[in-house]
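A.B. asks: Construct all of the structure, not just a fragment, from the sequences and the given hints.
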Amino acid sequence: MQALAAVVSGEGDGAVATFGGLVRDHNLGRRVLFLEYEAYEPLAVKALERIVAEAGEAWPGTRVAVHHRIGRLEIGEVSVAIAAASPHRANAFAACRYTIERVKQIAPIWKREHFAGGEVWLEGATADPDNAAARETAYKTACA
Amino acid sequence: MRVTVRLFARLRDLAGAGELVRDVEGPATVQTIWRSLVAEYPALSEYEKSMSVAVNTDYSRMTAAVSDGDEVAFLPPVSGE
Numbered sequence: 000m001q002a003l004a005a006v007v008s009g010e011g012d013g014a015v016a017t018f019g020g021l022v023r024d025h026n027l028g029r030r031v032l033f034l035e036y037e038a039y040e041p042l043a044v045k046a047l048e049r050i051v052a053e054a055g056e057a058w059p060g061t062r063v064a065v066h067h068r069i070g071r072l073e074i075g076e077v078s079v080a081i082a083a084a085s086p087h088r089a090n091a092f093a094a095c096r097y098t099i100e101r102v103k104q105i106a107p108i109w110k111r112e113h114f115a116g117g118e119v120w121l122e123g124a125t126a127d128p129d130n131a132a133a134r135e136t137a138y139k140t141a142c143a
Numbered sequence: 000m001r002v003t004v005r006l007f008a009r010l011r012d013l014a015g016a017g018e019l020v021r022d023v024e025g026p027a028t029v030q031t032i033w034r035s036l037v038a039e040y041p042a043l044s045e046y047e048k049s050m051s052v053a054v055n056t057d058y059s060r061m062t063a064a065v066s067d068g069d070e071v072a073f074l075p076p077v078s079g080e
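So the protein lines, in turn, are chains A and B.
When the first sequence is numbered by numbering that gives the first Met the number 0, its final residue is 143 and no position is left out of the sequence of numbers.
When the second sequence is numbered by numbering that gives the first Met the number 0, its final residue is 80 and no position is left out of the sequence of numbers.
Since the hints were made in silico from the structure, they are not lab data.
Incorrect hints may have been included.
[Stated by the list, open to error] Here are the simulated SDA-like cross-link-like pairs (lysine to any residue), alpha carbons at most 25 Å apart as the crow flies:
#1 139(A) with 60(A)
#2 48(B) with 122(A)
#3 45(A) with 49(B)
#4 45(A) with 60(B)
#5 45(A) with 9(B)
C.D. replies: Right, here's the structure in full:
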């Protein structure tokens with residue numbers, strides 16, 4: 000996370016916001032043992048690049064870096080890390096939040112939860128980068 | 000013509016393979032490929048309304064044309080919360 004923060008921030012920045020998504024030990028009443036992440040890698044890289052560009056458009060002067068791990072991750076490990084730097088804190092926070100919301104919407108990355116007694120693929124949103132309503136939702140969440 | 004089909008997450012589990020090579024009659028669209036896949040693996044059909052598709056590692060649509068050598072991917076809903 001510190002490395003990501005260093006990548007995005009420069010001398011003109013007054014703020015860098017970071018976000019780390021963690022593997023937690025419970026979900027929907029189940030005791031989680033570990034998670035397994037899978038990605039369609041070339042498309043995932045393009046989706047993350049697109050999200051970073053969107054954040055840069057929405058908050059000019061803000062730079063964002065994002066890193067997502069795949070494979071087996073244990074409880075407490077960081078699955079996704081984001082850093083957003085900006086001259087002022089409001090934009091850094093907003094761009095950071097926007098990025099994670101969009102990652103959840105359009106990055107072709109899936110997680111399989113291995114819990115006490117079984118395993119299940121967790122499925123959320125139908126990925127559609129051109130869905131303007133979803134993008135607007137992420138933007139509103141970021142600015143709330 | 001010959002296309003490579005990529006399946007991910009639960010779609011991969013349902014088909015029992017993440018990568019399939021299939022010969023299809025041209026002209027074909029992503030929809031053509033999907034229909035022949037569902038004929039082969041009927042369990043996949045539950046994803047018809049919720050999945051996304053990609054052609055040659057870019058998001059695409061069911062109506063997009065597919066050419067010889069293309070990689071067509073079917074993607075279940077992504078991680079969400």
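A.B. asks: Hint by hint, note whether the structure agrees.
C.D. replies: Status of the hints after comparison with the structure:
Among the hinted pairs, residue 139(A) with residue 60(A) is consistent with the structure: their alpha-carbon atoms are about 19 Å apart, no more than 25 Å. This hinted pair checks out: residue 48(B) and residue 122(A) have alpha carbons roughly 13 Å apart, not beyond 25 Å. Using a Cα cut-off of 25 Å, the hinted pair residue 45(A) and residue 49(B) holds, with the two alpha carbons roughly 21 Å apart. Straight-line distance between C-alpha atoms of residue 45(A) and residue 60(B) comes to about 17 Å, which keeps the hinted pair within the 25 Å bound.
For the hint linking residue 45(A) to residue 9(B), the alpha-carbon distance of about 22 Å falls within 25 Å, and the restraint holds.
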